[in-house]
Amino acid sequence: MIQNAGGASGLQPTQKGTCYPAAHPATLATYGARIKFKSLTLAYKVVSGSAPTYLNALIQTYTTSRPLHSSDERRLALPPWVRAGWRAEQIASSVDRLARYANWKGSRVGVHSRAVEEDDREDEESENEEDVEIRRELEEKRKVHLKWCPEVSQAVEACTDKTLLCSHLIIAVGTNATGFVSAFILNSASWNRVGWLSLWNERNRGSSLMNSPPAPGEPSCMIYQQKEGGSVLICQCTCYVAEDQLFQWTEKVFACLQKRGLTVTVLSDAPIAEYKTSDYHHGSDIPFLRALKTSAYKEVVNCPFLEQPNIVTGLPAAVLCHCQIHGIPAVLYQSYSDVISADSVTMETYKLALTWTKSIKLEPPTTDILQKFTRGCDDVHGNLYT
Amino acid sequence: MFVPIDETRPSFKSYTLILPAISVGNVGQLAADLIISTLQLQKIGYFHTDGLIPMVGNNPYATSAENANDLSTNAEVYCSKDLKLTVLQIRAPILQTKIKQFRKSIVSWIKSSGFSKTVLLSSSHAYQRDDQQLEGTPLRYLLSPALQQEAGPRIKELEWREMEKVCAFPGISDSEQRLFIPGGGITKGLYTDCCNEDIPMAVVLMFCSEGDNIPDAFALGNYLNDWLHLLSKSAQGSPQWNIPPSWKLLFGGGIPPAIF
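In the order they appear, the protein sequences are chains Z and D.
Just so it is clear: in the first sequence, position 311 is 311 by the UniProt record's numbering, and no numbers are missing.
Just so it is clear: in the second sequence, position 215 is 215 by the UniProt record's numbering, and no numbers are missing.
Simulated from the structure, these hints should not be mistaken for laboratory data.
Hints are supplied without guarantee of correctness; some may be wrong.
Pairs of lysine-lysine residues, derived as DSS-like cross-links and limited to a Cα-Cα distance of at most 30 Å, are as follows [unchecked claim]: (1) D:Lys43 / Z:Lys141; (2) D:Lys248 / D:Lys43; (3) Z:Lys361 / Z:Lys147; (4) Z:Lys162 / Z:Lys227; (5) D:Lys98 / Z:Lys143; (6) Z:Lys259 / Z:Lys141; (7) D:Lys84 / Z:Lys252; (8) D:Lys156 / D:Lys98; (9) Z:Lys298 / Z:Lys259; (10) D:Lys43 / Z:Lys298; (11) D:Lys248 / D:Lys233; (12) Z:Lys252 / D:Lys100; (13) Z:Lys143 / D:Lys100; (14) Z:Lys259 / Z:Lys143; (15) Z:Lys259 / D:Lys98; (16) D:Lys248 / Z:Lys298; (17) Z:Lys147 / D:Lys98; (18) Z:Lys147 / Z:Lys162; (19) Z:Lys143 / D:Lys104; (20) Z:Lys252 / D:Lys104; (21) Z:Lys141 / D:Lys104; (22) Z:Lys141 / D:Lys100; (23) Z:Lys147 / Z:Lys372; (24) D:Lys98 / Z:Lys36; (25) Z:Lys259 / Z:Lys227; (26) D:Lys43 / Z:Lys259; (27) D:Lys43 / Z:Lys252; (28) Z:Lys227 / Z:Lys252; (29) D:Lys84 / D:Lys111; (30) Z:Lys143 / Z:Lys162.
From just these sequences and the hints, can you work out the full model?
Printed below as a string of structure tokens:
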């Protein structure tokens, strides 16, 4: 059982070590070709003088003070930010631009291996002070921060080991799982928003102000607490957490929860195409739930376990890994659905997962509310034809 | 960081450690799977690190319904007391930005555990071989100076071929030779670290291409077994490896009947 074994793995490792949901290789190649074509056209236009003037500062032609072989090769000069002697003070202000540059660099298409990156590692050995500085700045920017509202942070501070008492933590990841939590649980008005995780990555620019909570509807990781009793926490994660942030994410969340008496339930979803089975699933069987549990979890699991060779990655995997290693009882309910956007039938499957607790009342939502969460999830990203 | 399952920390003094490099075709990982599943090694702990992409699944080496639902993670440590053997199985790719830290944590674990030797199972792109590498066996080895004395004579007896060094600047100068393991992931880095730190390490690798790499895993397993004698050979002259149940559906699930 190896994450990237087999051609049918659901992940495509890219140059920067990030994995995105599998896109068709042909699509990737088309994007790569389009990016190259576009930049070459722009470069040509700048050189020939037909480009908009604001581009002239970015691209300069290569000129030599004396005749060289390279003089008549119509080369371009190195852009200013690549030249040596670039000052370190400039870095902080331009991390954003750098990240974009790195992403662009990462999008070049080459021979693809499912196991390893093709980059020559020796580059890394010879990295200079400047590279180290850039790397450090990027790492700093990609840190995950957990923020509590004033009342909760006071309660945490008051506790001797700086942790929060919590009997159940429910983590919802994915459109259906978060939709289910919104429609069936949080809708009942007996929940308070008590905190959020702020993070920045290439797909989640985050709110510009670190200390202000994300606006409603914005992709985020919100934490809710039950008004009465307050020992149940729900973390609803609608934003993208990059692979290098998953470990941090779990460390940050679990560092401020009391380990004793804690049970974790993770709700998550995946497309049916990721589910491997020797028999083919027909329409009526879908959607369905599969579970994974840590060895400390002794409760009854209300659905079949995830069969080998299926695996789970992403945030649910990070949470389960953490709980397994630290002996925390945790269970993951993964729903496999054949609908791209959130739908009410898939949401209903999670009802099974939450039968263990009397403290959470599932309220069947009205049609209006359901529609609110099932609509608006189907906006098409990166359509080639629009 | 190694995290044992039991409270007591197991002692690895004079044990052999086998670990895979995440390399082309996942050959090292598949070979490690074969070793764990055939020798029925016992899971004794985890390697908990932020350098690997998180991943979970059920027991990949399940033999019965009882042990089928033991959670397994991206890096686990298996052990056999009788064979004095430890296997670290890694199941997920290493994060590009954390490669150095990952290598460092592996090296410091090897050092603190006192393994008598470490074997890195790896692979390299077959298409990148040079003229001298094209002929003969696709299997190669490397020994760190600290292991040369102990393992050198036996390796010589087996007539293994050492991984050739290639010209740093082919066609320009032949004087500068370097170690080049394309597609080998952390192989070269980890080997160099172990040489510098005086750690006894052997790299056992194979040239291969990506595709169905199960035959490559068998070949690498047999090659390693010639040296370490992990399991006895059958009458046909090759060891009987036991394929773990998690290897099924390696190339995807069932075919939709509607397409016919």
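Going down the list of hints, with the structure as the test:
In summary, the hint linking Lys43 of chain D to Lys141 of chain Z is not supported, as the alpha carbons are separated by about 37 Å, beyond the 30 Å threshold. Proximity of Lys248 of chain D to Lys43 of chain D is assessed by CA-CA distance (about 21 Å); at most 30 Å being required, the pair is judged to hold. A distance of roughly 27 Å separates the Cα atoms of Lys361 of chain Z and Lys147 of chain Z; the hinted pair therefore holds under the 30 Å criterion. Between the alpha carbons of Lys162 of chain Z and Lys227 of chain Z the distance comes to roughly 21 Å, so the proposed pair stays at or under 30 Å and holds.
The hinted pair formed by Lys98 of chain D and Lys143 of chain Z meets the criterion: a straight-line CA distance of about 14 Å does not exceed 30 Å. For the hint linking Lys259 of chain Z to Lys141 of chain Z, the alpha-carbon distance of about 29 Å falls within 30 Å, and the restraint holds. Distance check on the hinted pair: Lys84 of chain D and Lys252 of chain Z sit about 38 Å apart at the alpha-carbon level, beyond 30 Å; violated. Distance hint between Lys156 of chain D and Lys98 of chain D is unfulfilled; the C-alpha atoms sit about 37 Å from each other, more than 30 Å.
Taken as a hint, the Lys298 of chain Z and Lys259 of chain Z pair is honoured in the structure, with Cα atoms around 16 Å apart against an allowance of 30 Å. At most 30 Å may separate the alpha-carbon atoms for a hinted pair to count; Lys43 of chain D and Lys298 of chain Z meet this at roughly 20 Å. About 25 Å separates the Cα atoms of Lys248 of chain D and Lys233 of chain D, which keeps this hinted pair within 30 Å; it holds. For the hint pairing Lys252 of chain Z with Lys100 of chain D, the CA-to-CA distance comes to about 23 Å; that is within 30 Å, so the pair holds.
Straight-line distance between C-alpha atoms of Lys143 of chain Z and Lys100 of chain D comes to about 19 Å, which keeps the hinted pair within the 30 Å bound. For the given pair, Lys259 of chain Z sits about 23 Å from Lys143 of chain Z by alpha-carbon distance, which is consistent with the 30 Å threshold. The suggested pairing of Lys259 of chain Z with Lys98 of chain D holds, with an alpha-carbon distance near 28 Å, which does not exceed 30 Å. Pair hint Lys248 of chain D plus Lys298 of chain Z holds up; C-alpha atoms about 29 Å apart against a cutoff of 30 Å.
Proximity of Lys147 of chain Z to Lys98 of chain D is assessed by CA-CA distance (about 26 Å); at most 30 Å being required, the pair is judged to hold. Only pairs whose Cα atoms come within 30 Å are accepted, and Lys147 of chain Z paired with Lys162 of chain Z is accepted, the gap being roughly 14 Å. Pair hint Lys143 of chain Z plus Lys104 of chain D holds up; C-alpha atoms about 22 Å apart against a cutoff of 30 Å. Distance restraint check for Lys252 of chain Z and Lys104 of chain D: the Cα-Cα separation of roughly 23 Å lies within the 30 Å cut-off, and the hinted pair is therefore satisfied.
For the given pair, Lys141 of chain Z sits about 24 Å from Lys104 of chain D by alpha-carbon distance, which is consistent with the 30 Å threshold. At roughly 20 Å between alpha-carbon atoms, Lys141 of chain Z and Lys100 of chain D fall within 30 Å of each other, so this suggested pair holds. Between Lys147 of chain Z and Lys372 of chain Z, the direct Cα distance comes to roughly 28 Å. Compliance with the 30 Å bound is thereby established for this hinted pair. This hinted pair checks out: Lys98 of chain D and Lys36 of chain Z have alpha carbons roughly 29 Å apart, not beyond 30 Å.
A threshold of 30 Å between alpha carbons decides the hint, and for Lys259 of chain Z with Lys227 of chain Z the separation of about 21 Å falls inside it, so the pair holds. At roughly 24 Å between alpha-carbon atoms, Lys43 of chain D and Lys259 of chain Z fall within 30 Å of each other, so this suggested pair holds. Between Lys43 of chain D and Lys252 of chain Z, the direct Cα distance comes to roughly 28 Å. Compliance with the 30 Å bound is thereby established for this hinted pair. The suggested pairing of Lys227 of chain Z with Lys252 of chain Z holds, with an alpha-carbon distance near 23 Å, which does not exceed 30 Å.
Note on Lys84 of chain D and Lys111 of chain D: the hinted pairing holds, with a Cα-Cα distance of about 17 Å set against a maximum of 30 Å. Using a Cα cut-off of 30 Å, the hinted pair Lys143 of chain Z and Lys162 of chain Z holds, with the two alpha carbons roughly 21 Å apart.
Violation of the numbered hints given earlier is confined to hints 1, 7, 8; the remaining hints are satisfied by the structure.
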